[in-house]
Amino acid sequence: MYEDDKSAARVNASVTSRPVPARGADGFESLYRSCADDVFAYVASLLRDTSAAEDVTATAFERAYRRRALFDLRRGTPRAWVFAIARNAALDELRRRRRTGSMSGEIADPTVDLAGDDDELAERRLLVRDGLAALDPREREVILLKFVGQLSNSELARVLGCSETAAGTRLHRAIARLREVCNVAH
Amino acid sequence: MSRTELSREAAAELAALDAILAGAPVDDRHLELAALVDSVRKVSPALDEAGRERIDARLSTVWRKPADRRIRSRGRPERPAGARQSAGLRPARLALAGGPFIAVVVAVAVVFGGGVFGRSKPAPTVSAGPAHGVPATLPTPSAAGQGNSAGRTDLSTNSGAIGATTALGAPAVAQRAGAPAPTTDYTATNVSPRNRLVAQGASLTLASSPDQMQTVANEVVSNTERLGGIVENSNVSVHGSSSYASFNLSVPRTRLAQLISSLSSLTAVRSLDQSANDITDNYDKASALLADEKAQRVALIKSLAAAVTLSDEEAIQKKITRLDRAIAASAHAVGSLLSRGHNSHVSVQVLAAAAGAAGGGGPVDRALNDAVKVLDVALAIALVALAIALPIGLVGLLFFWASASLRRRSREQALAASASS
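Here the protein sequences line up with chains A and B, keeping their order. According to the working numbering, the residues represented by the first sequence are 1 to 186, in order. According to the working numbering, the residues represented by the second sequence are 1 to 421, in order.
Derived by calculation from the structure, the hints in this document are not laboratory data. Note that the structure is a prediction, hence the values are computed from the model and not measured. Note that beta-carbon positions come from the ideal geometry of N, C-alpha and C, so glycine has one too. Accuracy of the hints is not assured; some may be wrong.
[What the hints assert, rightly or not] Restraint ranges, calculated between C-beta atoms of paired labels, are given here:
(1) Gly23(B) to Arg74(A): 55 to 65 Å
(2) Arg99(A) to Val105(B): 13 to 23 Å
(3) Lys373(B) to Phe71(A): 42 to 52 Å
(4) Arg75(A) to Asp56(B): 45 to 55 Å
(5) Ser154(A) to Asp56(B): 50 to 60 Å
(6) Phe71(A) to Pro363(B): 53 to 63 Å
[Stated by the list, open to error] Anything over 12 Å on all C-beta distances counts as not near chain B; from chain A, calculated:
(7) Asp37
(8) Arg48
(9) Phe71
(10) Arg74
(11) Gly76
(12) Asp130
(13) Leu132
[What the hints assert, rightly or not] One-sided and incomplete, this derived list gives chain B residues near chain A with beta-carbon spacing under 8 Å:
(14) His239
(15) Gly240
(16) Arg325
(17) Ala329
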């Protein structure tokens, strides 16, 4: 359904750059600047609450900064490391909500980002948005970690706590499921 | 598709996905996937400017606020106070830091409190039978073992009908001159509420270098005489590595411990055997026999005075003569028993040994021996600490693993449950 959208085939190279962390505050700040938006997008998709996502994003970077001495480059990129911390923080927030029974807040409305797109493209993106919302949270999570977090399959496996093959399988199935949901909606 | 193996199609798509995310060009058949990636990224929740400022403001307190950040002596930036408090006082960190320390402290207490070294020389106890009143507690041969650092003390107790023998096999590591002297008070065992007569003896084997053999032999004699004992017999042979000396000593019972102490301090102790025999019954029987015989003699003397015929006188005279021999033998037996009770017999053998093993070497040898002792103690402490820390660590690891598993499971459940909320 997206065959004609060749322009979408290029992902901004600046977004995909993976900074090597400096243990100091300056290097860490550059890490924060490069992936805070993506971490927020991922966390907000999990929590479906903008305010809580801001809080969890900040918490994740705080934790990462305090544990920066424990970071091991051999176990993955700093970006994957931050996403793993953000995932735990977000799931802890979900656990807290389960315990307290608190309700989620407002999810950010992505339609505002569709300004400037042609109608067909905007419609397709809305389909994708709705398709994402219709996915199982675990399927949505793996797609976001891959598409937004841009983690490699091994990093994805480490974040999800499974083998690399299992992570690849889950990702492939989630993509297929997203296509299926979008096609049905279309 | 197998759980452990991706299909070729899936692997190709995932590879294309990685290429798309890396900004690399992809085949036409994967343009749809690229568009999907772009759409997902586009429709993902975006952080607005106000939200970013809020996060910036919060994080700036963590890594940017302390512009005049205090530098630690190691040059690392000091953490914010809140962070240090939360990170520095975690129970896990306290356990990691305090656990080994506590283990070492307990190990030192166990090692020096007698749990390790003290166990090698327990005080043997022998229960006394009702008919033979050996004192309930035998002399503790810890004195001879105190100077022996090797700790491979073989201590066995054999209790017989009326006595007990304690054998303490000391290792080759020497108890040298100047080592802590035995302090056991053997006199305490000789004091019985019933004034029992106990014969004590000891057999001591020493090791000395051949060139020190004569000196050690002289010291054995002089120490014995100094304590009021006598050398019953001695045999000293100085012929290089086959040098040999043996002594049979007799010392007052109350000086036995002192003698063993002084002899043990002369050179290395190879072995020490001690024995204690209750001879009270034997003494009582011999005394009773002697008294009976003396009474018989008095009666015979009276009969002799009353004898009428010459043949009667001769017969009585013969009986008195036989009785006199029996009385002399009984008196000798009583005296011998008394002597055994009041004096202790000590058998000393001095064997030739290498200078190092004998412990009589020079300062370097002594320093080496001391170093071995220090390493021995350190190893004992390390072993005990390990024995303490290992199970605690395993339990801690198990707890950590279980809690991590539970937390991970709880997080996954929370994620799964978020679909219905």
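Outcome of the hint check:
no.	hint	in the structure
1	Gly23(B) to Arg74(A): 55 to 65 Å	25 Å, violated
2	Arg99(A) to Val105(B): 13 to 23 Å	41 Å, violated
3	Lys373(B) to Phe71(A): 42 to 52 Å	46 Å, holds
4	Arg75(A) to Asp56(B): 45 to 55 Å	28 Å, violated
5	Ser154(A) to Asp56(B): 50 to 60 Å	32 Å, violated
6	Phe71(A) to Pro363(B): 53 to 63 Å	55 Å, holds
7	Asp37	5 Å, violated
8	Arg48	8 Å, violated
9	Phe71	14 Å, holds
10	Arg74	20 Å, holds
11	Gly76	15 Å, holds
12	Asp130	9 Å, violated
13	Leu132	7 Å, violated
14	His239	71 Å, violated
15	Gly240	67 Å, violated
16	Arg325	99 Å, violated
17	Ala329	92 Å, violated
In this structure, the earlier hints numbered 1, 2, 4, 5, 7, 8, 12, 13, 14, 15, 16 and 17 are contradicted, and the remaining ones agree with it.
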